[in-house]
Amino acid sequence: MENNWSKALRASISDVFSTMFFMVPEWDPELLAELGPQKAEGWYQGMVVVSRQQVKIGLWVWCPPQVSRELAANIMALEPGDLDSEQILDAFREMINMVAGGVLTTVDPQSSWTMGLPQAHLCDHGSLGQLLASTKEQMAFNVDDRPVLAGLSVQSV
Amino acid sequence: MPIRVLIVDDSASMRAVVKKTLSAAGYAVETCLEAQNGAEALEILHREPVDVVLSDLHMPEMDGLELLRTLQKEGKVPPCFILVTTEGRKERLKEALGLGARGYVSKPFHPEGLRKILSLLVGEPDGEQLEQGPEGLDF
Numbered sequence: 000m001e002n003n004w005s006k007a008l009r010a011s012i013s014d015v016f017s018t019m020f021f022m023v024p025e026w027d028p029e030l031l032a033e034l035g036p037q038k039a040e041g042w043y044q045g046m047v048v049v050s051r052q053q054v055k056i057g058l059w060v061w062c063p064p065q066v067s068r069e070l071a072a073n074i075m076a077l078e079p080g081d082l083d084s085e086q087i088l089d090a091f092r093e094m095i096n097m098v099a100g101g102v103l104t105t106v107d108p109q110s111s112w113t114m115g116l117p118q119a120h121l122c123d124h125g126s127l128g129q130l131l132a133s134t135k136e137q138m139a140f141n142v143d144d145r146p147v148l149a150g151l152s153v154q155s156v
Numbered sequence: 000m001p002i003r004v005l006i007v008d009d010s011a012s013m014r015a016v017v018k019k020t021l022s023a024a025g026y027a028v029e030t031c032l033e034a035q036n037g038a039e040a041l042e043i044l045h046r047e048p049v050d051v052v053l054s055d056l057h058m059p060e061m062d063g064l065e066l067l068r069t070l071q072k073e074g075k076v077p078p079c080f081i082l083v084t085t086e087g088r089k090e091r092l093k094e095a096l097g098l099g100a101r102g103y104v105s106k107p108f109h110p111e112g113l114r115k116i117l118s119l120l121v122g123e124p125d126g127e128q129l130e131q132g133p134e135g136l137d138f
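Going down the list, the sequences are from chains A and B. With numbering that gives the first Met the number 0, letter number 116 in the first sequence gets 115, and the count goes up by one each step, no holes. With numbering that gives the first Met the number 0, letter number 16 in the second sequence gets 15, and the count goes up by one each step, no holes.
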């Protein structure tokens, strides 16, 4: 099951980034090892929980500040320097919302999973490795020589 | 003919994208109202005449389905209610269409996708109405 979700997450990130944010993420698994020790401060974290009966799956995306600002600028057709932090967070939340919607469209055509509301915030401590540690399936992308990370967490209640 | 539009989405960036797409497609928008959720949209729809509603489904407080259910009970679903949503699952979309939505655009979307559904349901920006129903859309 996780393999399907992981593939769907990877595909959805590519689709959402390229269609609505005009950025092309290239899957780059080698980046994961390199990034682990780096500081998470300033990175944006987005997450949506999807649930069915006793199982909750978290879909996560992390982006560094420059990528997050560019995502917001591209979708809103504004200059990156003209954006405030709330606009960046709003665009980031919408990005993870679209990513999660894309995943469910692929893995759950029968609508048996319920999608929660997207959450996003700015990380202020810890390392990227610590952020990733809560996820089982982890993936990294290269976006114009800048990293984007994603992962899945699975919780049985 | 200028249209009166209500955009319902909890994301300010998405409301801005939809607004820009409408204008880039050449629609003359007389009034463009915005709501962050179904409850706000309902309040606006109770006091303002609107030709086109472009609404998300997943929203806090009152989601798009609840908005449609309430409007249907009141017999007040606007003639052109279009979903602009991350929801791509057919069952959920069919439920919304059964409640009176006329069509949908799945996020992420190309501006052309939104323009196409508007031209089918509202008419071309020059005002010429197309003789085609929702069966011409994705269902």
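Be careful, since some hints might not be right.
Stated by the list, open to error - Computed cross-link-like contacts, BS3-like style, restricted to lysine-lysine with a CA-CA straight-line distance of at most 27 angstroms:
#, chain 1, residue 1, chain 2, residue 2
1, B, K115, A, K55
2, B, K89, B, K115
3, B, K72, A, K55
4, B, K18, A, K6
5, B, K93, B, K72
6, A, K135, A, K38
7, B, K18, B, K93
8, B, K18, B, K115
9, B, K75, B, K18
Stated by the list, open to error - A short list of chain B residues far from chain A (calculated; beta carbon distances all over 12 angstroms):
#, residue
10, A23
11, V28
12, G74
13, P78
14, R88
15, K93
16, P107
Unchecked claim - Label pairs and their in silico Cβ distance ranges:
#, chain 1, residue 1, chain 2, residue 2, range
17, A, P36, B, A27, 50 to 60 angstroms
18, B, M0, A, L116, 28 to 38 angstroms
19, B, E42, A, P64, 48 to 58 angstroms
Simulated from the structure, these hints should not be mistaken for laboratory data. Virtual Cβ for every residue (Gly too), placed ideally from N, Cα, C.
Checked hints:
no. : hint                              : in the structure
1   : B:K115 - A:K55                    : violated (37 angstroms)
2   : B:K89 - B:K115                    : holds (20 angstroms)
3   : B:K72 - A:K55                     : violated (33 angstroms)
4   : B:K18 - A:K6                      : violated (33 angstroms)
5   : B:K93 - B:K72                     : holds (18 angstroms)
6   : A:K135 - A:K38                    : holds (20 angstroms)
7   : B:K18 - B:K93                     : holds (25 angstroms)
8   : B:K18 - B:K115                    : holds (15 angstroms)
9   : B:K75 - B:K18                     : holds (24 angstroms)
10  : A23                               : violated (10 angstroms)
11  : V28                               : holds (17 angstroms)
12  : G74                               : holds (27 angstroms)
13  : P78                               : holds (27 angstroms)
14  : R88                               : violated (5 angstroms)
15  : K93                               : violated (10 angstroms)
16  : P107                              : violated (4 angstroms)
17  : A:P36 - B:A27: 50 to 60 angstroms : holds (56 angstroms)
18  : B:M0 - A:L116: 28 to 38 angstroms : holds (37 angstroms)
19  : B:E42 - A:P64: 48 to 58 angstroms : violated (37 angstroms)
This entry does not satisfy hints 1, 3, 4, 10, 14, 15, 16, 19, going by the numbered hints stated previously.
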